[in-house]
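Student: Protein chains in written order, with this note's numbering: chain A, 1 to 513; chain B, 1 to 513.
These are computed hints drawn from the structure, not numbers from a lab.
Mixed in with the good hints there might be a few duds.
[To be verified] Heads up, simulated BS3-like pairs for lysine-lysine below, C-alpha to C-alpha not over 30 Å straight-line:
id	chain 1	residue 1	chain 2	residue 2
1	A	K29	A	K60
2	B	K29	A	K60
3	A	K475	B	K60
4	B	K467	A	K467
5	B	K135	A	K467
6	A	K475	B	K29
7	A	K60	B	K135
8	B	K475	A	K2
Below, each chain spelled out in residue letters.
Protein chains: 2
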Amino acid sequence: MKPLVQLLAVEASPPCLQDNTGDLDRLKKNLLPMLAEPTLSVPFSRTVVVAESFRRAGFKGVAVVNDLLTGPELVDFLAAPPKVLAGVALDLGTTHLEVSLVDLLSGEILALANCPNSQIAFGADILSRIHFAVKGDGLQQLHQTVIADINGLCEELAAEVGLELVDLRAMAVSGNTTMVHFFLRLNPYHLCREPYIPLVNAPDPCRASDLALAIHPAAVVWVLPSVGSYFGGDLISGILASGLDQAEQTSMLIDVGTNAEVVLGNREWLVACAGAAGPALEGGVARMGMRAGPGAIEHVSWDEKSGDLLCQTIDNEPARGICGSGIIDLVAALYLGRIIDVRGKFRGGADGGRLIETTEGTAFVVVSAEHGAGGQAVTLGQVDLDALMRSKAAMYSILTTLVNQVGVGFADIERIFVAGAFGRHISPRQAITLGMLPDLPLTTYQPVGNSSLDGARRILLEGAARKRCRELVGKITYIELNVNQDFMIRFSGAKFIPHTDRSLFPSVPFFDD
Amino acid sequence: MKPLVQLLAVEASPPCLQDNTGDLDRLKKNLLPMLAEPTLSVPFSRTVVVAESFRRAGFKGVAVVNDLLTGPELVDFLAAPPKVLAGVALDLGTTHLEVSLVDLLSGEILALANCPNSQIAFGADILSRIHFAVKGDGLQQLHQTVIADINGLCEELAAEVGLELVDLRAMAVSGNTTMVHFFLRLNPYHLCREPYIPLVNAPDPCRASDLALAIHPAAVVWVLPSVGSYFGGDLISGILASGLDQAEQTSMLIDVGTNAEVVLGNREWLVACAGAAGPALEGGVARMGMRAGPGAIEHVSWDEKSGDLLCQTIDNEPARGICGSGIIDLVAALYLGRIIDVRGKFRGGADGGRLIETTEGTAFVVVSAEHGAGGQAVTLGQVDLDALMRSKAAMYSILTTLVNQVGVGFADIERIFVAGAFGRHISPRQAITLGMLPDLPLTTYQPVGNSSLDGARRILLEGAARKRCRELVGKITYIELNVNQDFMIRFSGAKFIPHTDRSLFPSVPFFDD
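Looking at chain A on its own, in the form it has when it is part of the complex (with noise of 0.2 Å):
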């Protein structure tokens, strides 16, 4: 354990005329045979109230030093230690901030937050918001917004705590690489064209003032490098979170949000790509789809006894609509229950009356309005049903793509790591039935929760964790999906429920219509 940050007690000789050594010097001459590293640099800004801080606490104390690529930098001087060494871990999403509060000493979670990103209001897709990025202020707008939601955030953070913002003296930042540019006030205009690149993968760390954040000036600003335009800092933290990168065995690591992202690999390779999954698993597509909250259908199953469907909804509230999980539970179950086809179409006949017809065209009525909260029903329109085909198909085929890339069967992996709130909700069965994950045992599959942010606890807390993750960027190989023949073909084929290729999914009946 090696934190970001770290107190280091001093008590040092006063000046006299025999040893006439200038205060800053004297501090680091004191400091240097307490670290690994040959020197010990003061930034320009900080020079004077380390050296008056010093002499002030009498020349005894606890320096602050920040741990950077290029070796520690002295920071601060405080007379007494801290009540608390505090760092903030952030997973800077597109739709949502996390934050923790980390004790960067004990390495406990101190306090929990979190925000919508405020960026909504300027487009709610991360490509919107590039378009918008891109003119006029647009960057500033966004690079603003952003700061004032994690500001906000480290603000009630220290609240709950009871400290202030200027205890909190480190930040490690986990998110997509769009994010981080906006994080950072990056152009990100050449994220979005081909050939997809950064304006900077590992952008050094920096301090909290460069950004106008809240908390401590000096922080250490520490973001996690991304390894592509679809591959942020996000994933690696969930590399560093499941150790996929230091197993013997192959696994696999699977975050989907907007879009599907997805390592595969061991200790030895790792190969990785991404593809737009659709937005339809983050529940932005179906007309009454929504984000995992009380009131969202998050499991259904089929009911083969009443033949009718069982719905539960977060909280055992009234239902408003379906989050991702839901809808994949939901589909598999209209097609067990043979209300849809192979292809995902609504077979009409055995509904019991739940087809209707609207101005959209075909829907399920899934929770009628009776019981809908609100007298709302809610329904699954083909639209929405389609748009899941395409999205499990592409995920099937964004996997089978990277496994043949590397010449490894599914059978070769030993655990499937599935990240984020989709791992979190998620019945890996269903995902089988529908053919959008592979057929494995089920115990392959493993969810590792937010692992974006304990990736980023993980920055703050082991000077392990950040050498590795500068590593990772140079070790994984990235295939770019959006011209890969072999995914477009394969593609074809998963559009089917499970596929046009039954073999692979023994475990799915089949019903030969």
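Given the coordinates of chain A, work out where chain B should sit on it, guided by the hints.
Tutor: Chain B alone, transformed into the frame defined by chain A:
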């Protein structure tokens, strides 16, 4: 030769789908093999400009890399090599600033400029400026004043060779400890209070933008370290320039300004001290004392035949006053002409009627009103004479105390380097006659010119010099004279011409009054 800022030619392959490395990472990847160090940092403030310039130049051009203590730092990218890679060497003197513009590739000096230090408006000497600095916004005023002077000089330099200010990409600064505090806006409060401690001896390099210098904002500003409050970077420069620290034989370096600063040593050891020599030698005391300039009496000799003084002025213009070297010559001549006695007092009598009584006591008419510039006589009063006697006694006492401290004799000293205007102008012969410098063969004395400026130039050009001067700080044993009993005893003995112990000065005629 490894200049403080380097140009590295790069021709990178442009990004493509098979190589989606970010722009900045691509540049760093191409630069790293050219560097001896394993990492290359980019300051946050330069991230965007470097990455965007690299892309705009078609991934081909010249990278600008600063050499910091923490390793190389990438700060700019140019589509084509600049006309000149230029740096500024600055001698930051209490009364005068001198700069040279150095071609960092050839080492050539392209231009020179100098100006009075405008801080004089806030106090003629160091001590009064320190007092001014610690009141209200005094420090800020002193800082801004000297920065404005430097910016003016840089503008002159750039104009002289047809460059823009932003073409000046590095600065090395050599000055006494107090001037460096003002330059870096550091509180000098403890510099003049026992035990005389600087805020910092060896500040880390900073950037021009940190100090609002008008040269390139990312230009690295490298300040020579000091050893103590009275032993500044200017003297470290002198050591660099004289090579004192690398020679097998023991040598001495003397730098006389308001203070006399002396270093003794060889490649094995270095001992130093500094003491107030009094302003007499800088020409501040004698009523007609002046800095070396047209009309200043710079050489005086006693003509045995005529029994009269022969005065030589700079540019042979009518005499306006006496500069430091002229005063030493004059007093030596007055001694040899028996106009003053061994105590430095006017003897009266055989003076050819040139002793006059003034409101301030007896004075000697060096040049009559008839021959002086503007009909003004040049005189030397007893008061001035007394000041010079104290200065010369201080100087000799400093030298003997230092030599005594390390147990060597003057005869063991191979060479005595005499820095600055003092070194350029004084006659060692007359200084020996007065008992100011030890009675050694005249060839022992070697002027080294403005070694402060020369040391700064070496910092711009040589990595080895930068390393050497940081190491020097730890290698020099500094002897504090303010509390040295030995020094006080020696001082009393040295207040006679040449000395109470005449055996020390065998070459000086002795008059038994």
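Student: Are the hints correct? Go through all of them and say.
Tutor: Hints versus structure:
no., hint, verdict
1, K29/A with K60/A, "holds, 13 Å"
2, K29/B with K60/A, "violated, 43 Å"
3, K475/A with K60/B, "holds, 26 Å"
4, K467/B with K467/A, "holds, 28 Å"
5, K135/B with K467/A, "violated, 48 Å"
6, K475/A with K29/B, "holds, 14 Å"
7, K60/A with K135/B, "holds, 28 Å"
8, K475/B with K2/A, "violated, 33 Å"
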